Structure formats: structure tokens, C-alpha cells
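Asker: Based on the hints, put chain G in the right spot on chain C.
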Amino acid sequence: MSFINYLSREINCKIVYYGPGLCGKTTNLQYIYNKTNPDAKGKMISLATETERTLFFDFLPLALGEIRGFKTRFHLYTVPGQVFYDASRKLILKGVDGVVFVADSQIARMEANIESMENLRTNLAEQGYSLDKLPYVIQYNKRDMPSIAPVEELRNLLNPQGVPDFEAIAKDGDGVFDTLKAIAKLVLTELKRGGAGG
Amino acid sequence: MTNPQMVMYEEEFNQIQAIVDRLVREANAQVVFIIDKNGQLIASAGETDQLDTTSLASLTAGNIAATGGIAKLLRENEFAAQFHEGEKSNVHIQLVGNRVILVVIFGHNTTLGLVRLRVKKASEQLNAIFEALLAKVQDPAHETPFAEITDDDIDNLFND
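Protein chains in written order, with my numbering: chain C, 1 to 198; chain G, 1 to 160.
Note that these hints are calculated values from the structure, not bench results. Where hints are given, some of them may not hold.
What the hints assert, rightly or not - DSSO-like mimics (lysine-lysine), calculated; alpha carbons at most 30 Å apart, straight line:
| id | chain 1 | residue 1 | chain 2 | residue 2 |
| --- | --- | --- | --- | --- |
| 1 | C | LYS133 | G | LYS136 |
| 2 | G | LYS37 | C | LYS133 |
| 3 | G | LYS120 | C | LYS94 |
| 4 | C | LYS94 | G | LYS121 |
| 5 | G | LYS136 | C | LYS192 |
| 6 | G | LYS37 | C | LYS90 |
| 7 | C | LYS71 | G | LYS37 |
| 8 | C | LYS171 | G | LYS72 |
| 9 | G | LYS37 | C | LYS192 |
| 10 | C | LYS43 | C | LYS181 |
| 11 | G | LYS37 | C | LYS43 |
| 12 | C | LYS90 | G | LYS72 |
| 13 | C | LYS94 | G | LYS37 |
| 14 | C | LYS181 | G | LYS121 |
| 15 | C | LYS185 | C | LYS90 |
| 16 | C | LYS94 | G | LYS72 |
Claimed, not checked - One-sided excerpt, in silico: chain G residues whose CB lies under 8 Å from chain C:
| id | residue |
| --- | --- |
| 17 | ALA66 |
| 18 | LEU114 |
| 19 | GLU148 |
| 20 | ASP153 |
Note that the structure is predicted; figures quoted are calculated from it, not measured. Think of the CB as a built atom: it goes at the ideal place given N, C-alpha and C, for glycine as much as any other residue.
Bound-form chain C, shown alone:
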């Protein structure tokens, strides 16, 4: 649910990074944070456990520039990927305008990817959203790891509907901004159609 403020001429949108545990959601946000001009970002907040696993969410507010005199601001959130934090994941999806699914390319994590994607569909449905109608992109992360599945196989498994998808090595930044730009464009396009959250 985007928030349009006519007074301050701002448009605020919420993007959620979803995916299985340790797939690199927080790493995506950290890279964006480190590479963004200080004027364009707020503080990054990570509610994490003592072992640096996301407990509730990470949050990064980002300003992307003006469009027709309106400042566009994106609030990026990650969910905790670990299976048992499902109640928290549901909460973070509330009011979402766009979803990035971060998949782990390692063959050993295929089941976890599929399980997490099914979980995303279920949790969105509970909030009255459908993944097929929401701005949505997929990132195949960890392309630098030794035992990874070919992109074609990942596509067949995770992206039968053919949404925009990107290969990435989030820790080095490869593909991180391509993914962010793609989801931001889709969200704004949806807003243009008058569909965002409406």
C-alpha cells in the first residue's frame, strides 16, 4: 500500500525481500546501503539475533529521485528466512507494494527455495494479495558458489510465469542494483496503472 502525500509531494512504497534462510536478503540491503549516497538514504536497521541472523526485519529507507514533482521514496524490508519465524514474515508482508524473491543458487538449497516460495504465496494470500498480480522479480543469488544449479533449471523451477529475473553475487554487489531497479520500475508502473494497493 503506497502512501501518497500531496502536501510534501512524496510517494512512499514498500518493497519486501523474501527467500529462504541465508540466501542473502540482508546482504542485498547492506550492499545497497554501502553504495548509496548519504543524502539518498536513511539509517539501516537490522533486528537480528546475536549470531547475525535476522530476527524480525531489516529496514532501509531510500530516496530514488523525483518523478513529475513527487519525491519517490522506497522502504526496503527483509523478512527472517528461517522457517520457524513464519509469524514475523506474515507481518512484514502487510502493505507490500513489491516483492523481490532471493533464491539461493546452490543445488543443496533447491528444496528450501521452493518451500520459501510456496510460503510466500500462502502468506500473501492470507493478506488478500496474489503473487501473480503484485510487482515481483526474482534474483538467483550466490552465482559464485561451487555447486550451483544452471540458471535454466532455476528458471524452470522458480519462475514458470517468466517475471524479470537476475543472476547475482550479492556480497560483491553483482546484480543487486539491477534487481532493485527492476522492482522499483514495476512498482511505479503499477502505481501509474492506479493498481498499487488499490
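Answerer: Chain G only, in chain C's frame:
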């Protein structure tokens, strides 16, 4: 989709701002702010200069969402109010009309009782404004200014 879009116009904003300004004075509070349940800051008043209001808004919304989750598990409709007690400042958080969150930060120069009393009155007034705002947004005649956006406008945003 389920949630109607949150939109803020000058007229309603001024009404809301007047209420939060008054609440700061009448409750003797340090800061008052209003955020929507998704963590977007709507209005603020008081000593906000030293505060990271964006982060506060997001964390408060997360807090309210988590509390709402607990309420659901306990088969409660909601826990409408929360109070956090600190050494120097205290925080009172009130859910207004299950739609927006009213946060009051206050020190030792006032009391929780006074804050609660003033919050109750302000909540009723705010609820009426947000009801009216929602009706306005849902009016079929309401048009988004973004219908005019072109694909080029969107592309230009990403030209480095």
C-alpha cells in the same frame, strides 16, 4: 487488494497537524507523531530535530504488528495501547481506529494519566478525520496523479 491506498491532502493534513500540535502542549509531551500501520510517517510535532523519525516510524509499526500478532494468538481483537517506561523518557503508543498509530514520547514533567487522557480525546478526533479521508480516497471520482506518468519518466529516474 485488501488495503486502500493511504493518501494525504493539505486540508486533512492541517487538521491532523493541529491535533498533534495541541496534544504536545496539553499532554506536556516531548514529541508526538502519527504513522500508518505500514510504518510511514504521517505527521509529527514537538522536539523532533534530534530524532530519526523514519526509523522510529518503521520500528513502531513493526512493534504494533507484532503486538497485533500476539493479540490474534490470544483471540483478542487488538491491544490498543502500549506503554514503555524508560529512565528519561517514556513512550505511549495508541492504535487509532485500527488504521494509524499515535505515539507520544514524554518525560518526567507530566504523568501517564494525563497523557492517556489527552490521547483518548485526540484519538477520537483523529479517527473521524481518517474515516473521512478514507471515504474520499475510495470515491470513484478520486484520480491518481500518477496516471500521467510515462514509461520515460520512470526510466529517467534510473539514469545515473
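Asker: Given the hinted pair LYS37 of chain G and LYS43 of chain C, is their alpha-carbon gap at most 30 Å?
Answerer: Holds, because 20 Å separates the two Cα atoms, which is no more than 30 Å.
Asker: Just to be careful, I want the Cα atoms of LYS37 of chain G and LYS90 of chain C compared with a cutoff of 30 Å; is the pair within it?
Answerer: 14 Å, holds
Asker: Has the given pair, LYS43 of chain C with LYS181 of chain C, been kept, meaning a C-alpha gap of at most 30 Å?
Answerer: 20 Å, holds
Asker: Measure nothing beyond the straight line between the CA atoms of LYS94 of chain C and LYS121 of chain G; if it is 30 Å or shorter, mark the hint as holding.
Answerer: OK: LYS94 of chain C and LYS121 of chain G at ~28 Å, within 30 Å.
Asker: Taking 8 Å as the limit, does the beta-carbon of ALA66 of chain G come near enough to a beta-carbon in chain C?
Answerer: 6 Å, holds
Asker: Take the C-alpha atoms of LYS94 of chain C and LYS72 of chain G, compute the straight-line distance between them, and say whether it is at most 30 Å.
Answerer: 15 Å, holds
Asker: Taking only the CA atoms, is the gap from LYS94 of chain C to LYS37 of chain G under or equal to 30 Å?
Answerer: 9 Å, holds
Asker: Would the hint linking LYS181 of chain C and LYS121 of chain G be met if the CA-CA limit is 30 Å?
Answerer: 44 Å, violated
Asker: Quickly compare the C-alpha distance for LYS171 of chain C and LYS72 of chain G to 30 Å and report which way the hint goes.
Answerer: 38 Å, violated
Asker: Just to be careful, I want the Cα atoms of LYS136 of chain G and LYS192 of chain C compared with a cutoff of 30 Å; is the pair within it?
Answerer: Given that 30 Å is the threshold and the Cα spacing comes to 19 Å, the pair holds.
Asker: Need the status of pair LYS90 of chain C, LYS72 of chain G: alpha-carbon distance at most 30 Å?
Answerer: 13 Å, holds
Asker: Quick one, are LYS120 of chain G and LYS94 of chain C close enough, alpha carbons at most 30 Å?
Answerer: 26 Å, holds
Hint compliance for this structure: hints 8, 14 and 18 are broken, all remaining hints hold.
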